[in-house]
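Protein sequences appear in the order of chains A, B and C.
Counting from 1, one number per residue, gives the positions in the first sequence under the working numbering.
Counting from 1, one number per residue, gives the positions in the second sequence under the working numbering.
Counting from 1, one number per residue, gives the positions in the third sequence under the working numbering.
Hints listed in this document are in silico derivations from the structure and should not be mistaken for laboratory results.
A portion of the hints provided could be inaccurate.
Because identical chains cannot be distinguished in the list, a pair is counted as satisfied if it fits within a single copy or across any two copies.
Unchecked claim - Restricting the straight-line Cα-Cα distance to at most 30 Å, the calculated cross-link-like pairs of lysine-lysine (DSS-like) are:
hint: 1; residue 1: K157; residue 2: K69
hint: 2; residue 1: K157; residue 2: K215
hint: 3; residue 1: K52; residue 2: K222
hint: 4; residue 1: K180; residue 2: K197
hint: 5; residue 1: K67; residue 2: K122
hint: 6; residue 1: K313; residue 2: K67
hint: 7; residue 1: K197; residue 2: K222
hint: 8; residue 1: K190; residue 2: K370
hint: 9; residue 1: K67; residue 2: K180
hint: 10; residue 1: K67; residue 2: K326
hint: 11; residue 1: K298; residue 2: K215
hint: 12; residue 1: K329; residue 2: K190
hint: 13; residue 1: K69; residue 2: K313
hint: 14; residue 1: K190; residue 2: K222
hint: 15; residue 1: K215; residue 2: K313
hint: 16; residue 1: K157; residue 2: K313
hint: 17; residue 1: K258; residue 2: K222
hint: 18; residue 1: K175; residue 2: K190
Keep in mind the model is a prediction, meaning the values are calculated, not measured.
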Amino acid sequence: MAGCCAVLGAFLFEYDTPRIVLIRSRKVGLMNRTVQLLILAYVIGWVFVWEKGYQETDSVVSSVTAKAKGVTMTNTSKLGLRIWDVADYVIPAQEENSVFIMTNMIITMNQTQGLCPEIPDKTTVCETDANCTAGSAGTHSSGVATGRCVSFNGTLKTCEVAAWCPVENDTELPKPAFLKAAENFTLLIKNNIWYPKFNFSKRNILPNITTAYLKTCIYDAKTDPFCPIFRLGTIVESAGHSFQDMAIEGGIMGIQIKWDCNLDRAASLCLPRYSFRRLDTRDVDHNVSPGYNFRFAKYYSDPNGAERRTLIKAYGIRFDIIVFGKAGKFDIIPTMINIGSGLALLGVATVLCDVIVLYCMKKRYYYREKKYKYVEDYEQGLGNQMDQ
Amino acid sequence: MAGCCAVLGAFLFEYDTPRIVLIRSRKVGLMNRTVQLLILAYVIGWVFVWEKGYQETDSVVSSVTAKAKGVTMTNTSKLGLRIWDVADYVIPAQEENSVFIMTNMIITMNQTQGLCPEIPDKTTVCETDANCTAGSAGTHSSGVATGRCVSFNGTLKTCEVAAWCPVENDTELPKPAFLKAAENFTLLIKNNIWYPKFNFSKRNILPNITTAYLKTCIYDAKTDPFCPIFRLGTIVESAGHSFQDMAIEGGIMGIQIKWDCNLDRAASLCLPRYSFRRLDTRDVDHNVSPGYNFRFAKYYSDPNGAERRTLIKAYGIRFDIIVFGKAGKFDIIPTMINIGSGLALLGVATVLCDVIVLYCMKKRYYYREKKYKYVEDYEQGLGNQMDQ
Amino acid sequence: MAGCCAVLGAFLFEYDTPRIVLIRSRKVGLMNRTVQLLILAYVIGWVFVWEKGYQETDSVVSSVTAKAKGVTMTNTSKLGLRIWDVADYVIPAQEENSVFIMTNMIITMNQTQGLCPEIPDKTTVCETDANCTAGSAGTHSSGVATGRCVSFNGTLKTCEVAAWCPVENDTELPKPAFLKAAENFTLLIKNNIWYPKFNFSKRNILPNITTAYLKTCIYDAKTDPFCPIFRLGTIVESAGHSFQDMAIEGGIMGIQIKWDCNLDRAASLCLPRYSFRRLDTRDVDHNVSPGYNFRFAKYYSDPNGAERRTLIKAYGIRFDIIVFGKAGKFDIIPTMINIGSGLALLGVATVLCDVIVLYCMKKRYYYREKKYKYVEDYEQGLGNQMDQ
Numbered sequence: 001m002a003g004c005c006a007v008l009g010a011f012l013f014e015y016d017t018p019r020i021v022l023i024r025s026r027k028v029g030l031m032n033r034t035v036q037l038l039i040l041a042y043v044i045g046w047v048f049v050w051e052k053g054y055q056e057t058d059s060v061v062s063s064v065t066a067k068a069k070g071v072t073m074t075n076t077s078k079l080g081l082r083i084w085d086v087a088d089y090v091i092p093a094q095e096e097n098s099v100f101i102m103t104n105m106i107i108t109m110n111q112t113q114g115l116c117p118e119i120p121d122k123t124t125v126c127e128t129d130a131n132c133t134a135g136s137a138g139t140h141s142s143g144v145a146t147g148r149c150v151s152f153n154g155t156l157k158t159c160e161v162a163a164w165c166p167v168e169n170d171t172e173l174p175k176p177a178f179l180k181a182a183e184n185f186t187l188l189i190k191n192n193i194w195y196p197k198f199n200f201s202k203r204n205i206l207p208n209i210t211t212a213y214l215k216t217c218i219y220d221a222k223t224d225p226f227c228p229i230f231r232l233g234t235i236v237e238s239a240g241h242s243f244q245d246m247a248i249e250g251g252i253m254g255i256q257i258k259w260d261c262n263l264d265r266a267a268s269l270c271l272p273r274y275s276f277r278r279l280d281t282r283d284v285d286h287n288v289s290p291g292y293n294f295r296f297a298k299y300y301s302d303p304n305g306a307e308r309r310t311l312i313k314a315y316g317i318r319f320d321i322i323v324f325g326k327a328g329k330f331d332i333i334p335t336m337i338n339i340g341s342g343l344a345l346l347g348v349a350t351v352l353c354d355v356i357v358l359y360c361m362k363k364r365y366y367y368r369e370k371k372y373k374y375v376e377d378y379e380q381g382l383g384n385q386m387d388q
Numbered sequence: 001m002a003g004c005c006a007v008l009g010a011f012l013f014e015y016d017t018p019r020i021v022l023i024r025s026r027k028v029g030l031m032n033r034t035v036q037l038l039i040l041a042y043v044i045g046w047v048f049v050w051e052k053g054y055q056e057t058d059s060v061v062s063s064v065t066a067k068a069k070g071v072t073m074t075n076t077s078k079l080g081l082r083i084w085d086v087a088d089y090v091i092p093a094q095e096e097n098s099v100f101i102m103t104n105m106i107i108t109m110n111q112t113q114g115l116c117p118e119i120p121d122k123t124t125v126c127e128t129d130a131n132c133t134a135g136s137a138g139t140h141s142s143g144v145a146t147g148r149c150v151s152f153n154g155t156l157k158t159c160e161v162a163a164w165c166p167v168e169n170d171t172e173l174p175k176p177a178f179l180k181a182a183e184n185f186t187l188l189i190k191n192n193i194w195y196p197k198f199n200f201s202k203r204n205i206l207p208n209i210t211t212a213y214l215k216t217c218i219y220d221a222k223t224d225p226f227c228p229i230f231r232l233g234t235i236v237e238s239a240g241h242s243f244q245d246m247a248i249e250g251g252i253m254g255i256q257i258k259w260d261c262n263l264d265r266a267a268s269l270c271l272p273r274y275s276f277r278r279l280d281t282r283d284v285d286h287n288v289s290p291g292y293n294f295r296f297a298k299y300y301s302d303p304n305g306a307e308r309r310t311l312i313k314a315y316g317i318r319f320d321i322i323v324f325g326k327a328g329k330f331d332i333i334p335t336m337i338n339i340g341s342g343l344a345l346l347g348v349a350t351v352l353c354d355v356i357v358l359y360c361m362k363k364r365y366y367y368r369e370k371k372y373k374y375v376e377d378y379e380q381g382l383g384n385q386m387d388q
Numbered sequence: 001m002a003g004c005c006a007v008l009g010a011f012l013f014e015y016d017t018p019r020i021v022l023i024r025s026r027k028v029g030l031m032n033r034t035v036q037l038l039i040l041a042y043v044i045g046w047v048f049v050w051e052k053g054y055q056e057t058d059s060v061v062s063s064v065t066a067k068a069k070g071v072t073m074t075n076t077s078k079l080g081l082r083i084w085d086v087a088d089y090v091i092p093a094q095e096e097n098s099v100f101i102m103t104n105m106i107i108t109m110n111q112t113q114g115l116c117p118e119i120p121d122k123t124t125v126c127e128t129d130a131n132c133t134a135g136s137a138g139t140h141s142s143g144v145a146t147g148r149c150v151s152f153n154g155t156l157k158t159c160e161v162a163a164w165c166p167v168e169n170d171t172e173l174p175k176p177a178f179l180k181a182a183e184n185f186t187l188l189i190k191n192n193i194w195y196p197k198f199n200f201s202k203r204n205i206l207p208n209i210t211t212a213y214l215k216t217c218i219y220d221a222k223t224d225p226f227c228p229i230f231r232l233g234t235i236v237e238s239a240g241h242s243f244q245d246m247a248i249e250g251g252i253m254g255i256q257i258k259w260d261c262n263l264d265r266a267a268s269l270c271l272p273r274y275s276f277r278r279l280d281t282r283d284v285d286h287n288v289s290p291g292y293n294f295r296f297a298k299y300y301s302d303p304n305g306a307e308r309r310t311l312i313k314a315y316g317i318r319f320d321i322i323v324f325g326k327a328g329k330f331d332i333i334p335t336m337i338n339i340g341s342g343l344a345l346l347g348v349a350t351v352l353c354d355v356i357v358l359y360c361m362k363k364r365y366y367y368r369e370k371k372y373k374y375v376e377d378y379e380q381g382l383g384n385q386m387d388q
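The shape of chain A in the complex, shown without the other chains (with noise of 0.2 Å):
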């Protein structure tokens, strides 16, 4: 118990702390310091001042919404006059992030379920009824084969399919696009974030814009780089992509929204950063399945209680709202942590120039035999100890 107490004793009131050489000399000792001036210089300029060691950061918590405006009026054979809004165009009508705006169509008017040939192709054209399967029904058919064969026009024949008839046809594009005027819609976005670590939250209707402002402002990179409303076609082109060749066949094009904030300064120079990028990368070599489309229908009732529908198969353009950035405000545990680690770089420098001093400098064996100690082990050599 006495001896228990007498090593705790001795325990408690140890300390360790190792031994050193303190070499005089011009040559090492500058050398010496100038690597540790460096590390220093490293630690401060680096992590400190370009990567704001000191902060703690959060990443962005954002909803988003969007909305287009603008109106144009078409006019062709099939439809006529016809004026085109936001309800038409914007399919559907609300989305989370994103909002896709019609630019191009192919219209079928009025299908009713029937029979009807296919549109002629490799695998629909036939000869007699023996070419067509009844029942089979391709990933790219229009319906379900009925097996027989029936005159397409005047000179082609091809499979009749039960289906949602006439079928459509797809071959011809609208060139240039249907709704081209779209280059010249607006898409306000509202954009709210919050960075839940700091309790921080703003909008990218930022406090100075007023009312009147919002009514009549267009954004523009340079002029009005915090308007919220956004032209379609200056979108597509500071992305660098043509809006008229992008509406032919569809197209996504990424909004970015990039909110670095350093809460240490005023929260009004917290500001949203735009940039556009087009997310689904066109290569001109190699242009296999372009664009983006989709169809949908709109389902009418006849008066004697038949179903019809226009189908729509619809090319345009996806416009995806991405919001991202950091927010970073002084805190004192990264301040600590990134201290302590700069403090044990500063241990490197010891290695580097013992290296340098050890090995390279003609004086190493003098150095040298400060610096170790040799000790043989007990049993091959005791009293050989070379010690100072």
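We have chain A already, so just place chains B and C on it with the hints.
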């Protein structure tokens, strides 16, 4: 060759360890042990107990479906008695992580393609045809101007537009909200989560929830915290807002589901925590472009084949369901790494004590003499070495 | 001033390095080198070869579009022969990262606003008007009760409601699924990825895929792992479920696309890997509220102007497309950091060996004597210093 072997042998059978000064002093020793104890307490307390540094963590992968229920009746001069159910007020019918409930609306019935006067405002009121530019279509216009100035009502004249006529008049928003009864509608949220690293999956309909309970329960933070059916009014009020206020102009609510799981404990303790937050911050003093609304149309076909539509400007609340969380489970690798960096921190104790002992204490010269061995540069001063 | 310069000079031209005991012992030396070798092997093997610690990494940014194809015919007493194509069974027509395919349905045709008896269940069956509360609308009711008790069929009486009449009867779900042929429908997934740090982008339609191949191919994990067209049945079966079972009540399937790219190697080796997982876990023993369904309606207008609708309770499979992955490329900064922390780990070898040498070996007292220099406190014991 033999020399090479000798060097290799010397290298292999060598072991270098720093020489240590072991100072036996009550003051210094006690200080040293106290600092070490503090660091040890920090490592164990903060890193292991609080941050669970011995666990590997994984982020949640989740799938969400939401289903609204509720029915209400409205009685207006325009629509008469009308019943509204899910298929009427949820638009679109299904979304990925979100559900929109229409609470207010401006309905414009029986629109057809035609010519009609614009709604009067600053830019559309005219006196003669000269005030209207044919073919112009501003961002806020309902159609394309024909260039004529026509009578809007007995006293006012506005520019005529080719548009879906009659054009929508959205100047007056119903107050209180048209579907104010939506406050009592419910939302059933089904959420499956998966932690891929641990192959652990769970759903928010807990194993002890029966079909009978699910038919009658309503979420309540105190009495029914695990019922996945939420009353819309409760959601908005939990976030500190008034449902009836929000219903008028619409908005966005976040339903946050937090799954923080310690998989070292029983799986039944891994439970969802619900919280609610309004995502579109509403500054009372900066009320520019508030709320959330969009337009959609239902298309009809006249007996004579002409197209008609009912345009609805829908105001409502979009409920975004946000799932987040982390799971942790004991793993040897992070445990080792944290023990390692904990040990490294103990080295800081020595540095701290060195500073005090060698620079602040009275007996600093005595201790310095013991710790340091001064070596002068070979040329400068051979012989005047101060040792021990 | 002169003293200050002297201190500065002393500081600048000073170099301190720890004094080292170099023990020449076969046993200890070999152990030391073995431990160092193990740590070195760990650093090189795990950090550099396995974890690729010499690379900077970036997370994927992705855009997805999905397009279903396929057509089928149903024959029921209610609807007669009917063809179903994409515009009929994909609801809504487009979504951001997801596509819903209707596989089963309960259709209620020709609903109009009116009064009709509720579907009988526990709460709606009544005997007299006293059982029905006028104006009440429960969560599960189809409309607002009028307070009258009316005949549902010859034998049963239920409360009358103001609702879309006739009300939906969803007690019997078609088995097998109504659109069971959806098993053979296909999904074309177009996915563009982008690694912003490396400005590297790629699409899942690889450069060697031709238009002809894309017209005929179907994904198969073994024979066609890079064909972006998936048969719905194959997706569900790959996840270990039965399509026909899932089609009845619906569910959610995850299509995971993994892009793990080592950009130090050829870009053509950066390839998508597809995998499939059912996201709504289905406990056989806890089958509360299974599957996925929602209601939507198609609105019609009667010749006399009255509104009619067809209500559809759609059951089906929602395919969520989840894209993830990391790209790595050689970078000098992470390489330096990992080499640095690798060197730091080598220090652990010394600590480990110290423990063994000083506490476990027979000759521990001999070694301790060499390593430690015991210094008594100044007052306590001047003179009784034990050195070397």
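Right, here's what the structure says about each hint:
| no. | hint | in the structure |
| --- | --- | --- |
| 1 | K157 to K69 | between (46 Å within a copy, 24 Å between copies) |
| 2 | K157 to K215 | between (58 Å within a copy, 23 Å between copies) |
| 3 | K52 to K222 | within (29 Å within a copy, 42 Å between copies) |
| 4 | K180 to K197 | neither (46 Å within a copy, 35 Å between copies) |
| 5 | K67 to K122 | between (43 Å within a copy, 22 Å between copies) |
| 6 | K313 to K67 | both (22 Å within a copy, 12 Å between copies) |
| 7 | K197 to K222 | between (33 Å within a copy, 26 Å between copies) |
| 8 | K190 to K370 | neither (71 Å within a copy, 70 Å between copies) |
| 9 | K67 to K180 | both (19 Å within a copy, 24 Å between copies) |
| 10 | K67 to K326 | within (26 Å within a copy, 34 Å between copies) |
| 11 | K298 to K215 | between (33 Å within a copy, 28 Å between copies) |
| 12 | K329 to K190 | within (26 Å within a copy, 37 Å between copies) |
| 13 | K69 to K313 | both (22 Å within a copy, 13 Å between copies) |
| 14 | K190 to K222 | within (20 Å within a copy, 35 Å between copies) |
| 15 | K215 to K313 | between (34 Å within a copy, 19 Å between copies) |
| 16 | K157 to K313 | within (25 Å within a copy, 40 Å between copies) |
| 17 | K258 to K222 | within (17 Å within a copy, 39 Å between copies) |
| 18 | K175 to K190 | between (33 Å within a copy, 24 Å between copies) |
This entry does not satisfy hints 4 and 8, going by the numbered hints stated previously.
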